[in-house]
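Asker: Here is how the chains run, residue by residue.
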Amino acid sequence: MYIIEVNSGFRKKVVISPVEEADFKILSNKRYFFEWGVLKQTSSVFKLLIEGEDDILGVMALIDYPEEKRIEIKLLANSIDNQGKNKKYDRIAGCMIAFACRLSKAKYRGYACVSLVPKTELIQYYIRKYHMVNAGWQLYLEGEQLNNILKEYLI
Amino acid sequence: MNYKKLRKKYTPEELAEGFVFPVKLTAKQQKEAAKQLAEARKKTQQEMTDQDRLISGLWQFRFQLEDYLESKEYNPDLTFGHFLKRYVELLDKKRKTFAEEISIDETLLSQLINMHRLPPDYVAIRLEIHSNNMIPAAYWIRLVEKQRLHEIETDKEMRKKERPFVHGKLTVSLS
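Line order of the protein sequences matches chains D and E. Number 108 in this note's numbering belongs to position 108 of the first sequence; there are no gaps in the numbering. Number 24 in this note's numbering belongs to position 24 of the second sequence; there are no gaps in the numbering.
Just so you know, these hints were derived from the structure itself, not from any lab. Hints may be right or wrong, so weigh each one.
[To be verified] Each computed DSS-like pair below joins lysine-lysine, with the alpha-carbon atoms no more than 25 Å apart: (1) Lys146/E x Lys107/D; (2) Lys88/D x Lys8/E; (3) Lys129/D x Lys42/E; (4) Lys43/E x Lys129/D; (5) Lys5/E x Lys88/D; (6) Lys8/E x Lys85/D; (7) Lys35/E x Lys69/D; (8) Lys28/E x Lys69/D; (9) Lys9/E x Lys30/D; (10) Lys9/E x Lys87/D; (11) Lys8/E x Lys87/D; (12) Lys107/D x Lys93/E; (13) Lys119/D x Lys24/E; (14) Lys12/D x Lys87/D; (15) Lys119/D x Lys8/E; (16) Lys74/D x Lys42/E; (17) Lys85/E x Lys107/D; (18) Lys9/E x Lys119/D; (19) Lys85/D x Lys5/E; (20) Lys31/E x Lys69/D; (21) Lys129/D x Lys8/E; (22) Lys24/E x Lys30/D; (23) Lys4/E x Lys87/D; (24) Lys9/E x Lys88/D; (25) Lys4/E x Lys85/D; (26) Lys24/E x Lys69/D; (27) Lys74/D x Lys31/E; (28) Lys74/D x Lys107/D; (29) Lys43/E x Lys107/D; (30) Lys9/E x Lys85/D; (31) Lys69/D x Lys43/E; (32) Lys35/E x Lys74/D; (33) Lys87/D x Lys5/E; (34) Lys4/E x Lys74/D; (35) Lys88/D x Lys4/E.
Please read all numbers here as calculations on a predicted model, not as lab measurements.
Full structure from sequences and hints, please.
Answerer: Here is the structure:
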């Protein structure tokens with residue numbers, strides 16, 4: 001899995017792992033937009049880093065619903081320096097979404113599903129960027145669409 | 001962080017590339033959302049082809065193999081033979097047919113599955129080619145190495161047996 005440095009076009013290998021207790025002190029509202037500590041009771045929180053480095057570039061909170069064979073992306077944010085037109089790296093959110101797909105696929109095989117509840121005005125952009133399917137209140141990836149995200153980000 | 005503030009700073013496209021925001025639904029909306037998703041997924045499942053299912057199975061196989069190789073734990077059940085057996089079953093092929101497809105004798109395939117023989121390198125390469133590169137040869141070799149490493153680290157009997165063959169042992173130590 002890799003992200004791309006926008007200025008140079010260089011690829012950087014990334015790792016995604018569970019957020020550790022000490023990380024929650026680093027995950028400030030100012031740089032990562034949300035109170036991530038609040039989520040640790042109800043979700044599994046993951047961080048994305050460049051391999052061998054310790055700066056957290058993205059954070060994501062997931063909830064697993066085993067009875068539905070589905071993982072929901074509850075919250076996701078790139079760090080502030082990786083937002084908007086001046087972002088340093090590209091593909092951060094895509095890698096995190098693919099990671100959620102990987103978790104779901106490893107557990108639920110052909111039934112694997114990743115969903116999110118979008119802000120209404122962002123629906124078309126998630127569909128365009130990640131080929132998500134519109135199910136009304138929720139967007140989801142399953143079957144061929146989910147397999148394609150794995151192929152695009154994990155190979 | 002307030003969405004309205006972010007909306008002033010970033011375009012909707014940029015927001016979708018950098019965030020998934022928390023969205024609160026009422027109990028009624030949640031119920032409706034669950035129903036909608038269940039119906040949509042039912043349709044997706046019905047439209048899934050045999051090829052989609054096979055690809056899903058291969059992804060799952062690859063991820064479970066990767067997770068085991070990355071973990072520090074050693075599981076005596078998760079051998080090369082175990083994964084090879086699962087691979088053949090996943091393809092829903094008879095062992096004879098599969099052995100023919102990778103040009104090995106069916107007896108050798110059985111020996112590999114039952115761990116009566118360690119796999120030669122060419123078998124790992126043929127498995128990689130057979131899977132259309134979805135399962136790299138290195139994964140198969142690392143499986144064997146993981147097992148060998150565990151054996152060499154824990155084999156007390158071998159250490160006892162080899163001790164008489166070592167002379168002039170160092171008297172200094174690192175600990």
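Asker: So, for every hint listed, does it hold in this structure?
Answerer: Checked hints:
1. Lys146/E x Lys107/D: At roughly 23 Å apart (the allowed maximum being 25 Å), Lys107/D and Lys146/E satisfy the hint.
2. Lys88/D x Lys8/E: holds, 20 Å
3. Lys129/D x Lys42/E: holds, 24 Å
4. Lys43/E x Lys129/D: Given that 25 Å is the threshold and the Cα spacing comes to 22 Å, the pair holds.
5. Lys5/E x Lys88/D: Cα-Cα ~21 Å, so holds.
6. Lys8/E x Lys85/D: This hinted pair holds, its Cα atoms lying about 14 Å apart.
7. Lys35/E x Lys69/D: holds, 15 Å
8. Lys28/E x Lys69/D: With a Cα-Cα distance of about 22 Å, the restraint between Lys28/E and Lys69/D holds, given a limit of 25 Å.
9. Lys9/E x Lys30/D: holds, 14 Å
10. Lys9/E x Lys87/D: holds, 13 Å
11. Lys8/E x Lys87/D: holds, 17 Å
12. Lys107/D x Lys93/E: holds, 23 Å
13. Lys119/D x Lys24/E: holds, 10 Å
14. Lys12/D x Lys87/D: Status holds; Cα separation ~15 Å.
15. Lys119/D x Lys8/E: Judged against 25 Å, a Cα distance of about 15 Å means the pair holds.
16. Lys74/D x Lys42/E: Given pair Lys74/D, Lys42/E holds - Cα atoms ~23 Å apart, limit 25 Å.
17. Lys85/E x Lys107/D: Distance ~19 Å between Lys85/E and Lys107/D Cα, so the pair holds.
18. Lys9/E x Lys119/D: Holds, because 16 Å separates the two Cα atoms, which is no more than 25 Å.
19. Lys85/D x Lys5/E: holds, 17 Å
20. Lys31/E x Lys69/D: holds, 17 Å
21. Lys129/D x Lys8/E: holds, 21 Å
22. Lys24/E x Lys30/D: Satisfied, since the Cα-Cα distance of roughly 22 Å is no more than 25 Å.
23. Lys4/E x Lys87/D: holds, 20 Å
24. Lys9/E x Lys88/D: Distance of about 17 Å is within 25 Å: holds.
25. Lys4/E x Lys85/D: holds, 18 Å
26. Lys24/E x Lys69/D: holds, 22 Å
27. Lys74/D x Lys31/E: holds, 17 Å
28. Lys74/D x Lys107/D: holds, 19 Å
29. Lys43/E x Lys107/D: holds, 21 Å
30. Lys9/E x Lys85/D: Distance ~10 Å between Lys9/E and Lys85/D Cα, so the pair holds.
31. Lys69/D x Lys43/E: holds, 15 Å
32. Lys35/E x Lys74/D: Since the Cα atoms of Lys35/E and Lys74/D sit roughly 19 Å apart, the hinted pair holds (cutoff 25 Å).
33. Lys87/D x Lys5/E: With a Cα-Cα distance of about 18 Å, the restraint between Lys87/D and Lys5/E holds, given a limit of 25 Å.
34. Lys4/E x Lys74/D: Holds - the C-alpha atoms of Lys74/D and Lys4/E are around 19 Å apart, at most 25 Å.
35. Lys88/D x Lys4/E: This hinted pair holds, its Cα atoms lying about 24 Å apart.
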